[in-house]
Amino acid sequence: MDNIAGHKSGLSWVTNISVVVLVVLWLIPTVGLFVSSFRERDQISVSGWWQAPFSVELTYRTRGDGEVRPVDGGYVMEGNIFDTGEVRSSFEGGASTVSAFGDRGVAPAEYPAGTVAEIGDGETLQVNADGTYIYTSVEEPGNRGPRVYFEAETPPQFTLDNYRNVLTADGMDRAFINTLTVTIPATVIPILIAAFAAYALAWMDFPGRGLLIALVVGLLVVPLQLALVPMLNLHQRLGIGQSFLGIWLAHTGFGLPLAVYLLRNYMVGLPRDIIESAKVDGATDFQLFVKIILPLSFPALAAFAIFQFLWTWNDLLVAKVFLPSDDASKVMTVKIADDLLGSRGGDWGILATAAFVSIAVPLVVFFTMQRFLVRGLLAGSVK
Amino acid sequence: MADLKLTEVAKSYGSVDVLKHINLDIARGELIVFVGPSGCGKSTLLRMIAGLEKITGGELQIDGRVVNNVPPAQRGIAMVFQSYALYPHMTVRDNMAFALKIAKKSKDEIEAAISKAARILQLEPYLDRLPKALSGGQRQRVAIGRSIVRDPKVYLFDEPLSNLDAALRVATRIEIAQLKEAMPDSTMIYVTHDQVEAMTLASRIVVLAGGGISQVGTPLDLYERPENEFVAQFIGSPAMNLLPGRITGTGRQTAIAMSNGGTALSDYPSTDADMGAEVKVGVRPEDFRAADEGGAHIFAGRVDITEALGEVTLLYFETGESTDTEKGDAAVIAKLGGTHSNLRGHEVRLTAEPGKVHVFRDGKSLLYRDGKLTAPEAIPAE
Ligand SMILES: Nc1ncnc2c1ncn2[C@@H]1O[C@H](COP(=O)(O)OP(=O)(O)O)[C@@H](O)[C@H]1O
Ligand SMILES: [Mg+2]
Numbered sequence: 001m002d003n004i005a006g007h008k009s010g011l012s013w014v015t016n017i018s019v020v021v022l023v024v025l026w027l028i029p030t031v032g033l034f035v036s037s038f039r040e041r042d043q044i045s046v047s048g049w050w051q052a053p054f055s056v057e058l059t060y061r062t063r064g065d066g067e068v069r070p071v072d073g074g075y076v077m078e079g080n081i082f083d084t085g086e087v088r089s090s091f092e093g094g095a096s097t098v099s100a101f102g103d104r105g106v107a108p109a110e111y112p113a114g115t116v117a118e119i120g121d122g123e124t125l126q127v128n129a130d131g132t133y134i135y136t137s138v139e140e141p142g143n144r145g146p147r148v149y150f151e152a153e154t155p156p157q158f159t160l161d162n163y164r165n166v167l168t169a170d171g172m173d174r175a176f177i178n179t180l181t182v183t184i185p186a187t188v189i190p191i192l193i194a195a196f197a198a199y200a201l202a203w204m205d206f207p208g209r210g211l212l213i214a215l216v217v218g219l220l221v222v223p224l225q226l227a228l229v230p231m232l233n234l235h236q237r238l239g240i241g242q243s244f245l246g247i248w249l250a251h252t253g254f255g256l257p258l259a260v261y262l263l264r265n266y267m268v269g270l271p272r273d274i275i276e277s278a279k280v281d282g283a284t285d286f287q288l289f290v291k292i293i294l295p296l297s298f299p300a301l302a303a304f305a306i307f308q309f310l311w312t313w314n315d316l317l318v319a320k321v322f323l324p325s326d327d328a329s330k331v332m333t334v335k336i337a338d339d340l341l342g343s344r345g346g347d348w349g350i351l352a353t354a355a356f357v358s359i360a361v362p363l364v365v366f367f368t369m370q371r372f373l374v375r376g377l378l379a380g381s382v383k
Numbered sequence: 001m002a003d004l005k006l007t008e009v010a011k012s013y014g015s016v017d018v019l020k021h022i023n024l025d026i027a028r029g030e031l032i033v034f035v036g037p038s039g040c041g042k043s044t045l046l047r048m049i050a051g052l053e054k055i056t057g058g059e060l061q062i063d064g065r066v067v068n069n070v071p072p073a074q075r076g077i078a079m080v081f082q083s084y085a086l087y088p089h090m091t092v093r094d095n096m097a098f099a100l101k102i103a104k105k106s107k108d109e110i111e112a113a114i115s116k117a118a119r120i121l122q123l124e125p126y127l128d129r130l131p132k133a134l135s136g137g138q139r140q141r142v143a144i145g146r147s148i149v150r151d152p153k154v155y156l157f158d159e160p161l162s163n164l165d166a167a168l169r170v171a172t173r174i175e176i177a178q179l180k181e182a183m184p185d186s187t188m189i190y191v192t193h194d195q196v197e198a199m200t201l202a203s204r205i206v207v208l209a210g211g212g213i214s215q216v217g218t219p220l221d222l223y224e225r226p227e228n229e230f231v232a233q234f235i236g237s238p239a240m241n242l243l244p245g246r247i248t249g250t251g252r253q254t255a256i257a258m259s260n261g262g263t264a265l266s267d268y269p270s271t272d273a274d275m276g277a278e279v280k281v282g283v284r285p286e287d288f289r290a291a292d293e294g295g296a297h298i299f300a301g302r303v304d305i306t307e308a309l310g311e312v313t314l315l316y317f318e319t320g321e322s323t324d325t326e327k328g329d330a331a332v333i334a335k336l337g338g339t340h341s342n343l344r345g346h347e348v349r350l351t352a353e354p355g356k357v358h359v360f361r362d363g364k365s366l367l368y369r370d371g372k373l374t375a376p377e378a379i380p381a382e
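Chains X and L, in that order, are what the protein sequence lines are. Using the UniProt record's numbering, the first residue of the first sequence is number 1, and each one after it goes up by one. Using the UniProt record's numbering, the first residue of the second sequence is number 1, and each one after it goes up by one.
Check the hints yourself; a few may be wrong.
Said to hold, decoys possible - Keeping only pairs whose Cα atoms sit at most 27 angstroms apart, straight-line, the calculated DSS-like set for lysine-lysine is: (1) L:Lys335 - L:Lys356; (2) L:Lys54 - X:Lys291; (3) L:Lys153 - X:Lys291; (4) L:Lys356 - X:Lys291.
Stated by the list, open to error - Just some of the chain X residues that point at chain L, by a computed CB distance under 10 angstroms: (5) Lys291; (6) Ile292; (7) Ala379; (8) Gly380.
As the list claims (entries may be wrong) - One side of the interface only, derived from the structure: several residues of chain X facing chain L at Cβ under 10 angstroms: (9) Ser277; (10) Ala278; (11) Thr284.
No lab work stands behind these hints: they were computed from the structure. All C-beta atoms in this analysis are idealised placements derived from N, C-alpha and C, irrespective of residue type, glycine included.
Build the full structure now, drawing on both the sequences and the hints.
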């Protein structure tokens with residue numbers, strides 16, 4: 001008895017640990033995107049998101065802008081490099097440490113901090129670790145100070161700029177609304193149709209029912225790519241063309257086989273006695289469907305709704321084919337693929353943010369719908 | 001509150017005949033019980049009456065109207081399912097109101113019907129609960145309440161007690177009997193495979209077997225005058241003993257020479273044509289008594305096992321040399337009053353009153369010819 005219990009708990013440990021490992025593996029990219037979406041572009045380019053809480057060594061370019069004093073045999077400019085106009089904003093969080101500096105962009109860390117560098121024309125430049133710099137010149141410098149490059153430890157910085165960029169600047173708000181315009185009807189319409197169809201296929205007797213069910217199962221395995229061109233053609237000929245109506249129809253068509261199949265299989269599993277009882281009670285097929293079948297099918301409806309919503313939300317292919325390509329009707333996936341990846345391919349902050357924004361809504365949908373994915377809906381009905 | 005008439009009703013699934021030649025008249029106010037072994041078509045027959053199963057042959061009339069093709073809701077029936085079949089997402093109140101709402105009854109009417117049914121079934125405290133918050137017995141009562149509120153012409157029950165535990169089954173059985181008493185005009189058809197339920201509830205029992213009706217009659221009819229071997233063994237517990245013999249005397253009474261040496265005398269009448277026929281003699285365990293010293297016996301054998309139940313003792317006999325295991329004539333059982341544990345291992349001779357000795361030729365009782373009692377007066381009314 002003892003070793004059986006031990007065996008069982010050992011097994012459940014393995015299960016628990018595997019679940020934890022899977023969850024962690026699954027979450028890593030998401031967390032990465034989430035962290036990256038708050039980081040600045042420069043920081044992203046030098047360190048990974050897991051280093052986000054630590055300082056990074058960044059190279060800055062600035063120009064000395066202190067006051068020039070005449071001294072014996074020339075002029076001197078003194079000040080703190082962190083206070084110079086061009087980089088001041090980067091160091092608002094506090095002073096930092098300079099590790100090296102230079103005067104040319106090709107060699108921004110030519111001299112270690114503290115050295116006095118001859119930079120030609122009788123000019124010298126010294127930048128200390130604490131940021132103070134001394135610039136001397138034999139001739140009077142112009143009203144522009146010397147160009148200074150330096151490398152400094154920069155504290156971690158988090159910003160909402162990426163979100164501001166993604167959500168407003170790039171017309172993403174429009175794309176967001178377009179995506180909702182596509183996904184909501186593309187989720188609701190197939191559910192409505194499929195629920196009726198599934199009821200008929202499950203509980204109504206009519207000739208050819210078995211054949212229809214077989215057809216639905218057959219359609220499950222047809223790849224949707226096969227239908228893209230013929231359907232677009234059909235839409236053009238019908239005058240629907242590339243439009244939201246077109247994409248609703250397309251998503252409905254592509255989603256229906258799975259929806260009908262899923263819901264029929266669920267409804268067939270409902271206890272026959274309940275349905276017959278309702279028939280004896282005088283319910284018509286429609287009343288039976290609305291008052292008994294639908295409420296009892298919530299888990300299947302919710303499962304399919306989540307599924308269809310995610311798939312239409314993430315869809316790029318169908319959107320590319322069935323929606324016009326003008327800016328006004330771009331959905332988020334198209335927007336991200338075309339505009340953000342195209343023009344700002346290197347801007348990881350924007351990409352991460354865009355990705356995260358497009359995850360957010362499906363997450364909300366999932367967590368609101370999952371309360372319908374309940375067990376025990378039939379409890380107490382039949383024994 | 002209706003009468004039903006089934007004429008040559010039949011049911012087949014494709015080429016499989018499940019039921020055929022079902023002829024039955026049910027009068028208003030009867031409580032008819034369909035009883036029979038599992039799979040004999042009891043539920044199928046009930047569902048045909050309900051309209052849930054197509055009638056593939058014959059005619060069904062309710063109140064003189066042929067209803068073969070009338071949908072369930074318009075037959076004026078209500079059905080209580082074996083599984084209760086409550087609507088799990090509705091409260092008890094809504095479960096009961098469902099049919100009435102569909103029938104577009106007024107709110108007051110619905111409320112009145114529900115509170116009346118709830119009072120009869122003592123469901124008042126549970127009206128706002130969901131079925132899952134009820135016990136098995138309460139669920140069963142809700143299922144019954146759901147049919148009461150509709151005030152149907154015919155109530156149909158399909159093994160309503162089979163999901164309840166033993167104690168609750170007895171209690172609910174009594175409740176159903178009381179319910180029937182409270183509604184003397186309503187016709188009820190009750191399906192069960194449990195002969196105790198059948199015997200205690202029925203005004204008449206319909207024994208179904210082998211796709212047809214084996215016998216129809218009051219519980220005592222079936223017990224005292226079974227029409228055939230099947231009914232004889234199905235009704236009564238322990239089952240009736242059937243012992244082989246040959247007819248040696250005919251007339252108002254029948255004499256039989258038993259294969260194992262005894263002789264039997266039965267009040268069953270027989271004709272000359274029966275002379276010498278191979279028959280089965282049926283004696284209920286409780287009808288056996290010890291044969292008198294020197295008197296004739298129907299059966300003699302060595303007691304194998306005794307079971308003392310207090311007021312009675314069950315004696316199980318060795319079957320002797322004929323270990324004929326086909327046809328279930330395994331052990332002969334006698335039920336004697338008092339305690340007889342000391343009989344174990346002893347030779348016992350048993351006999352029975354002629355009025356308690358049943359004779360079956362080719363499986364059918366000699367008491368019936370073509371389904372009719374030949375001589376009702378042959379069985380003395382003691
Ligand atoms: N849909 C069906 N198709 C074929 N045979 C069926 C069907 N339903 C019931 N039967 C058969 O009919 C017979 C009677 O079933 P049923 O009425 O449920 O028996 P019971 O007396 O136990 O209630 C069974 O032998 C069963 O196999
Ligand atoms: Mg049954």
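Of all the hints numbered above, which does this structure not satisfy? Sort the numbers upward.
Of the numbered hints, just 4 does not hold.
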